[in-house]
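**Student:** For the record, the sequence lines run as chains A and B. 1 is the number of the first residue of the first sequence in the UniProt record's numbering; add one for each residue after it. 1 is the number of the first residue of the second sequence in the UniProt record's numbering; add one for each residue after it.
A couple of the hints might just be wrong.
The list treats identical chains as interchangeable, and a pair is accepted whether it falls inside one copy or across any two copies.
[Unchecked claim] Calculated pairs, SDA-like style, for lysine to any residue (alpha carbon to alpha carbon, straight line, at most 20 Å):
#  : residue 1 : residue 2
1  : K92       : R39
2  : K111      : F65
3  : K92       : L48
4  : K20       : Y40
5  : K42       : I16
6  : K82       : L48
7  : K82       : R39
8  : K82       : L27
9  : K146      : D123
10 : K28       : R121
11 : K135      : P32
12 : K113      : Y24
13 : K82       : L47
14 : K54       : K111
15 : K133      : M1
16 : K42       : K54
17 : K146      : L124
18 : K133      : D123
19 : K116      : F29
20 : K61       : Y36
21 : K42       : C72
22 : K135      : V78
23 : K146      : A128
24 : K94       : C72
25 : K82       : D34
26 : K133      : E14
27 : K133      : E35
Hints are computed from structural coordinates only; laboratory data are not their basis. Quick caveat, the model's predicted, so the values are computed rather than measured.
Protein chains: 2
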Amino acid sequence: MEFYVTDGEDYLDEIIAFDKLVSYNFLKFPIPFDEYSERYEKLIRELLSRGEHKFFVALGKNGKFLGHVWLCMTLDTVDYVKIAYIYDIEVKQKGEGIGSALLKRAEEFAKEKGAKKVVLRVDLSNPALEWYKRKGYTERAVIVEKEI
Amino acid sequence: MEFYVTDGEDYLDEIIAFDKLVSYNFLKFPIPFDEYSERYEKLIRELLSRGEHKFFVALGKNGKFLGHVWLCMTLDTVDYVKIAYIYDIEVKQKGEGIGSALLKRAEEFAKEKGAKKVVLRVDLSNPALEWYKRKGYTERAVIVEKEI
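Take these sequences, add in the hints, and give me the full structure.
**Tutor:** Put into structure tokens, the structure is as follows:
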């Protein structure tokens, strides 16, 4: 499949609509879609209102939206160095190299901006963990939680 | 050792000074203490300037500062429910039940505030992971990173 990666700021509506649908499948506390949608929009607006964000999209040769990566430049709370945190990377079709191209572009951007590393969270139930390891990512910490 | 747990807002200077020293040992990118100190202060100020934070401290019967827990009420970016994120929990002396008492107080506070869960990050190099598991915490996700 032919595609190219470019700045994603003009595709925010499509990115958010796509991510909202995908993320609904990962909810641990099932809630109705309407309620989820409201929370999702609130959270995204809150996240976007602060910090230095960057979006890239993959587009087909007809301009069709094929996937995105959402980065935030921040300070690591353990190492105190500038990092790029990947909030999200999603593709409409796997196995076409689209995710790899988006990740590569995100890493290049992070490096240009002076980040020392790229960081992201992967849920244990998410098979993408092995994919990130093949891309050179190593496990640094675990997120633990307790229902109260 | 006798101690009690109370609101920590009046002990912020001690909490920050203590955490700064402890956290210096966990740096992956070694930097001089002065430079670290500057970054640390900047990050802490940035974190405190936004969100809903809460501190508890453990005090000895003479009022001596023995440890603290630092919570932030936020929205989980995966589950879209209200959670309490523990930024930090530290004690001056282990094995006295101080950490357990601080964690318990943090969980009670989180529940009072309507949080569905308590979440925190534990570095893989940190032996505290087993301690959290004994306290009922389960592994939910991994933080992966790549130096660039």
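**Student:** The structure should be examined with respect to each hint, and the outcome stated for every one.
**Tutor:** Outcome of the hint check:
For a Cα distance limit of 20 Å, the shortest separation of K92 from R39 qualifies neither inside one copy, at 23 Å, nor across copies, at 39 Å. Taking the shortest alpha-carbon separations for K111 and F65, neither the intra-copy value of 25 Å nor the inter-copy value of 42 Å comes in at or below 20 Å. Taking the shortest Cα distances, K92 and L48 never come within 20 Å of each other, neither inside one copy (23 Å) nor across copies (38 Å). Only within a single protomer do K20 and Y40 lie at most 20 Å apart by alpha-carbon distance; the minimum there is 7 Å, versus 34 Å between protomers.
Taking identical chains as interchangeable, the C-alpha atoms of K42 and I16 lie at most 20 Å apart only when both belong to the same chain, with a minimum of 12 Å there against 31 Å between chains. When the C-alpha separation of K82 and L48 is checked against a cutoff of 20 Å, the pair qualifies both within a copy, at 18 Å, and between copies, at 18 Å. Proximity of K82 and R39 under a CA criterion of 20 Å is satisfied inter-copy only: 10 Å between copies versus 29 Å inside one chain copy. For the identical chains of this complex, K82 and L27 are inter-copy neighbours only, at 13 Å across copies versus 30 Å inside a copy, given an alpha-carbon limit of 20 Å.
With identical chains, the CA atoms of K146 and D123 are at most 20 Å apart both within one copy (15 Å) and between copies (17 Å). Taking identical chains as interchangeable, the C-alpha atoms of K28 and R121 lie at most 20 Å apart whether they share a chain (16 Å) or sit on different chains (18 Å). Neither within a single protomer nor between protomers do K135 and P32 lie at most 20 Å apart by alpha-carbon distance, with minima of 36 Å and 31 Å respectively. In this assembly of identical chains, K113 and Y24 lie within 20 Å of each other by CA distance neither inside one copy nor across copies; the values are 32 Å within and 25 Å between.
When the C-alpha separation of K82 and L47 is checked against a cutoff of 20 Å, the pair qualifies both within a copy, at 18 Å, and between copies, at 15 Å. When the C-alpha separation of K54 and K111 is checked against a cutoff of 20 Å, the pair qualifies only within one copy, where the shortest distance is 13 Å, while the shortest distance between copies is 35 Å. Taking the shortest Cα distances, K133 and M1 never come within 20 Å of each other, neither inside one copy (24 Å) nor across copies (46 Å). Taking the shortest Cα distances, K42 and K54 sit within 20 Å of each other inside one copy (19 Å), while across copies they are farther apart (22 Å).
Taking identical chains as interchangeable, the C-alpha atoms of K146 and L124 lie at most 20 Å apart whether they share a chain (15 Å) or sit on different chains (18 Å). For a Cα distance limit of 20 Å, the shortest separation of K133 from D123 qualifies both inside one copy, at 14 Å, and across copies, at 17 Å. Taking the shortest Cα distances, K116 and F29 sit within 20 Å of each other only across copies (9 Å), while inside one copy they are farther apart (35 Å). Proximity of K61 to Y36 under the C-alpha cut-off of 20 Å is found in neither arrangement, the shortest distances being 34 Å within a copy and 47 Å between copies.
For the identical chains of this complex, K42 and C72 are neighbours both inside a copy (18 Å) and across copies (18 Å), given an alpha-carbon limit of 20 Å. Proximity of K135 to V78 under the C-alpha cut-off of 20 Å is found in neither arrangement, the shortest distances being 23 Å within a copy and 23 Å between copies. For the identical chains of this complex, K146 and A128 are inter-copy neighbours only, at 15 Å across copies versus 24 Å inside a copy, given an alpha-carbon limit of 20 Å. For the identical chains of this complex, K94 and C72 are neighbours neither inside a copy (24 Å) nor across copies (36 Å), given an alpha-carbon limit of 20 Å.
For a Cα distance limit of 20 Å, the shortest separation of K82 from D34 across copies, 17 Å, qualifies, whereas the shortest one inside one copy, 37 Å, does not. For the identical chains of this complex, K133 and E14 are neighbours neither inside a copy (28 Å) nor across copies (40 Å), given an alpha-carbon limit of 20 Å. For the homomeric pair K133 and E35, neither the shortest alpha-carbon distance inside one copy (35 Å) nor that between copies (32 Å) is at most 20 Å.
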